[in-house]
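Participant: Sequence:
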Amino acid sequence: MKKIITYGTFDLLHWGHIRLLERAKQLGDHLTVAISTDEFNLIKHKEAYHSYEHRKYILEAIKYVDEVIPENDWEQKVKDVDAHDIDIFVMGDDWKGKFDFLSEQCEVVYLDRTEGISTSMIKEDLMK
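For the sequence shown, my numbering assigns the number 68 to the initial residue and increments by one for each residue that follows.
Please note that the accuracy of each hint is not assured.
Said to hold, decoys possible - Straight line, CA to CA, 30 Å or less: simulated DSS-like cross-link-like pairs of lysine-lysine:
id	residue 1	residue 2
1	Lys-70	Lys-165
2	Lys-70	Lys-144
3	Lys-69	Lys-92
4	Lys-111	Lys-123
5	Lys-70	Lys-111
6	Lys-144	Lys-123
Stated by the list, open to error - Simulated DEER-style distance windows between Cβ atoms:
id	residue 1	residue 2	range
7	Lys-195	Asp-167	36 to 44 Å
8	Lys-111	Glu-191	13 to 21 Å
9	Ile-136	Ser-187	23 to 31 Å
These are computed hints drawn from the structure, not numbers from a lab. Computed from a predicted structure; not experimentally measured. Glycine is no exception: its CB is placed at the ideal position from the N, C-alpha and C atoms.
Go ahead and model the full structure; you've got the sequences and the hints to work with.
Facilitator: Dropping the structure here:
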């Protein structure tokens, strides 16, 4: 079984998120999604609209997602790859090169972002 992992806040879920999850799942058999906890978002100076528990609940309902785990800190990725026997680490291409250090443990894949949609765009549109 080929295992994939990806990370994110996944707040204000939109079709770009779903497309990323779909494409990540197509790379293997089991997709784990690590989502930033509310506490970790504070450290990152990010504020999610939905709580960790609500974001987790939403992601668990998506057919491409097999498991949802909390992301508590930046250093966790190395441990997660080992603990979950990950074969492929996936992130959006806006992070290209940032996680290449994981290539000693697993394959690292950067997927193209979906054009025309982002959480930032939604937030900006709502503020108009």
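Participant: Next, verify each hint and record whether it holds.
Facilitator: Structure-based check of each hint:
At roughly 21 Å between alpha-carbon atoms, Lys-70 and Lys-165 fall within 30 Å of each other, so this suggested pair holds. Annotation: proposed proximity of Lys-70 to Lys-144 holds, straight-line Cα distance about 14 Å (limit 30 Å). Restraint check for Lys-69 and Lys-92: the C-alpha separation of about 10 Å stays at or below 30 Å, so the hint holds. Among the hinted pairs, Lys-111 with Lys-123 is consistent with the structure: their alpha-carbon atoms are about 19 Å apart, no more than 30 Å.
About 27 Å separates the Cα atoms of Lys-70 and Lys-111, which keeps this hinted pair within 30 Å; it holds. Simply put, Lys-144 and Lys-123 have alpha-carbon atoms about 18 Å apart, close enough for the 30 Å limit, and the pair holds. Distance hint check: the CB atoms of Lys-195 and Asp-167 are about 38 Å apart, consistent with the given range 36 to 44 Å. Range check, Lys-111 to Glu-191: about 19 Å between beta-carbon atoms, so the 13 to 21 Å window is met.
Hint check: Ile-136 to Ser-187, Cβ distance near 25 Å, so the stated range 23 to 31 Å holds.
Of the numbered hints given earlier, the model fails none.
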